[in-house]
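K.L.:
So you can see what is in the structure, the chains are spelled out below.
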Amino acid sequence: MLILDAIFIGLLEASPLILAAMGFTLIYYLNGFMNIAYAESITFGAYFAILFNVVLGANFYMAIVPSMLCSGALSVAVYLLIFRPALNRGVGPTEMIILSVGVSFMLRYGLILVVGPENLFLNEPNITYLQFLGIGATNLQLIALALVLLTAGILYWMIYNTGLGEQMRGLANNRELAMASGINPHRTSVAIWFIAGCAGGLSGIFTGVFAQVAPYMGWNVILITMLVTIVAGVGSVRGAVVAAVVAGILTAFITLVTKPLYAEVVLLTAFIGVLTIRGARTA
Amino acid sequence: MDYLIFSFSLMLVYIGLAQLLHIQFGLAGIPNFGVVGFWGIGLYGTGVLYVVFGVALLPAILIASALSAIIGYLLALLVLQRSGQAILAATLALSAIIATLVVSEKDLTGGVQGLGTIKFPFGDMANRNFVFMIFILVVVLALVWVSARLRDSRMGRQLVAIRDNEELAASLGKNTAATKRWVFAITCGGMGILGGMSAPLHQFLVPYQLAPSITFAVWIALVLGGKGHNLGAIVGTFVTFGLFDILIETYAPVPAEQAILLPNFKLFCYGVLLVVIIMFRPIGLLGTDGPKVRQPAAKGAET
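Going line by line, the protein sequences match chains Y and X. Residues 1 to 283 in the numbering used here are what the first sequence spells out, letter by letter. Residues 1001 to 1303 in the numbering used here are what the second sequence spells out, letter by letter.
The following block holds chain Y by itself, in its conformation from the complex:
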C-alpha cells in the first residue's frame, strides 16, 4: 500500500515537474545552455493565471489557456531581446548561464516591484474529494494530472513525430547542415521558445493552484528541474519525463518513510551520484 501511495502521490507531485523539465530540456537542447530564467516562465504562468482568474474574474479552467499563451509570449520576448543577441555575439555556455541568472533576477524582482512580495491565491473551482481503491484525490488533482499527461503527450509527439521536432533536432545537432537543408533557424527557435514557455507556464499554474502563487515559486523548482534535465541527458525529452517521474515518486516515498526534509537531501545526493557516474551526457 505504501508503494502504491508513493507512486500516486509521486505522480501528482511530479506532474508540474514533468512539464517544467520538458520545456527546460527543449531550450537546453536547441541552444546548448541551461536557461535559469526558465524559472520565471513558471512563475509568470502562475501570475498570468492570477491576472485572468482573480483580477479579471474568469473561471479557473478558462484562465489556463490564455495564461499559458502569455507565458509563451514572454519567453519568446526574452529570447528575441536578450538571448538571441547574446548567442549571436558568441557568449560561451557558462556565461550564458550567468546571463540567464541576470535575466531571472530582472524579471523576478521587476515582478515583485510591480505586484508586491505577498503570496496570492487562485480562485479554485469547487473541489470534490474522490476515493478509489483506498487512494484519495480531489477532482482538481485528477484533472491536473490528466491535463499534464495530455500536454506532455502532445509535446512528446511534436518532438519525435512532426516537422518542427525534426527541424529542432537538426538545428541542435548540426546548425550549418540544418540551415543548408533549408531550415529557418529563426522561426524554429521562436517556436521552440514559445512552446517551452507555455509548458513552463502550465507547470506554474498547477503548482500555484495546489499551494499559493509566490514570486519564488519558479526559483524553488528550477534546481530540481535542472538536475532532472542533466541526469536525463541533454535533449532527451523521453529521459526528462522518466527522470521527473522517478524524482517525484522517490520524493513521495522517502517523505512517507521519514521526514520530508530528508527526501530533499537524499534526492540531491542521488543526483550528484548520477552526475558522477554519467556526467552531463549529450544526447
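The hints are simulated quantities; they were obtained by calculation from the structure and are not laboratory data. Remember, it's a predicted structure, so these values are computed and weren't measured experimentally. By construction, the Cβ of each residue, glycine as well, lies at the ideal position given by its N, Cα and C atoms. Where hints are given, some of them may not hold.
Derived Cβ-Cβ restraints for the label pairs, each shown as a range [as the list claims (entries may be wrong)]:
1) X:Tyr1003 <-> Y:Leu150: 54 to 60 angstroms
2) X:Lys1119 <-> Y:Leu2: 46 to 52 angstroms
3) X:Thr1117 <-> Y:Asp5: 40 to 46 angstroms
4) Y:Gly153 <-> X:Gly1173: 52 to 58 angstroms
5) Y:Gly32 <-> X:Tyr1208: 30 to 36 angstroms
6) Y:Pro85 <-> X:Phe1006: 36 to 42 angstroms
7) Y:Thr258 <-> X:Ile1070: 25 to 31 angstroms
8) X:Gly1173 <-> Y:Leu69: 56 to 62 angstroms
Put chain X on the given structure of chain Y with help from the hints.
P.N.:
Positioned in the frame of chain Y, the structure of chain X alone reads:
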C-alpha cells in the same frame, strides 16, 4: 557607527569570497555555484562548535574550514572532471543540501529557531567589532596578495592552461585532475574561513542566511568587476555591495513605505547590470590582466 562597521566587515567577506571565486572560475575555470554552501559550512560549523561544544572561536573557525575543504575535496573527486554545467549543478545541489541539513538537524543547529550567540573574540576590548574588522581586512588582503602571486606562479599558469585546454595541459604531463581538486579544496576551505569569520558578525545564525542569494551576489560582483582580473573582485563588490547595501541603504532618503521594496529594487538592478555587462563587456569592467611577462612578438604574428 556599529552598523557601518558591520556593513564594511560583511563587504570584506564578500570581497574575499569573490576573490576565491576568481581563483576557482577566473583562473581554473571551475564554475562553483555553491559558494554559499562552503561559506555556510564554515559559518554553521563554527557556530555549532562554539555554542554546542564550547570550542574557542579561532580553533572553531579552523576546524570548520578544514571540514569545508574536505567536503570540497570530496565533491571535487565526484564531479570535477565532468562538464562545466554538471559541476555547476552539483555545487548548487551541495549548497541546497547544506541549507536543508541546517534546518533538519535541529539538535545541533537549532533549526529555524536559530543558533546563538557567537561573541567577538578579544574579550572585553571596547572596539572589538572594529578590531575584528581589521582582522578580516588583513585576511582578505592576504588573500588578494596570494591570488596575485598565484597567477604569476607555475601553479597559476598550469591553472590557466587547464582552463583554456585541459587535454593539452594533460598531454604536457601535468596531472590536471589532481591540481584542480587541490585548488578547489583549498579555495573552498578559504570560503569556510570567511564563513567562520562571519559567525561573530551575525552573532545569531538562522538558516535564512544560507539562501543562494549570497552565491549570486558574489558571482555578480565577480563578473561585473572582471573575472580574469585580480582586482575584479574588489571593484565588483564595491560597485554592487558597496554602492547598494552601504551607500543607498544607509544614506538615500527613501520614504518608509518604499523602504521594504529597496532590497528587491537592488536585486532588480543587479539583474540589469549583469545582463548589460555580459552583452556589452563580457570580460568585466577591468578586463583581464595576463601574467606579467613581456614576450617579444613572434615574427608575422597577427596583432
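K.L.:
Hints numbered earlier in the text: which of these fail when held up against the supplied structure?
P.N.:
none
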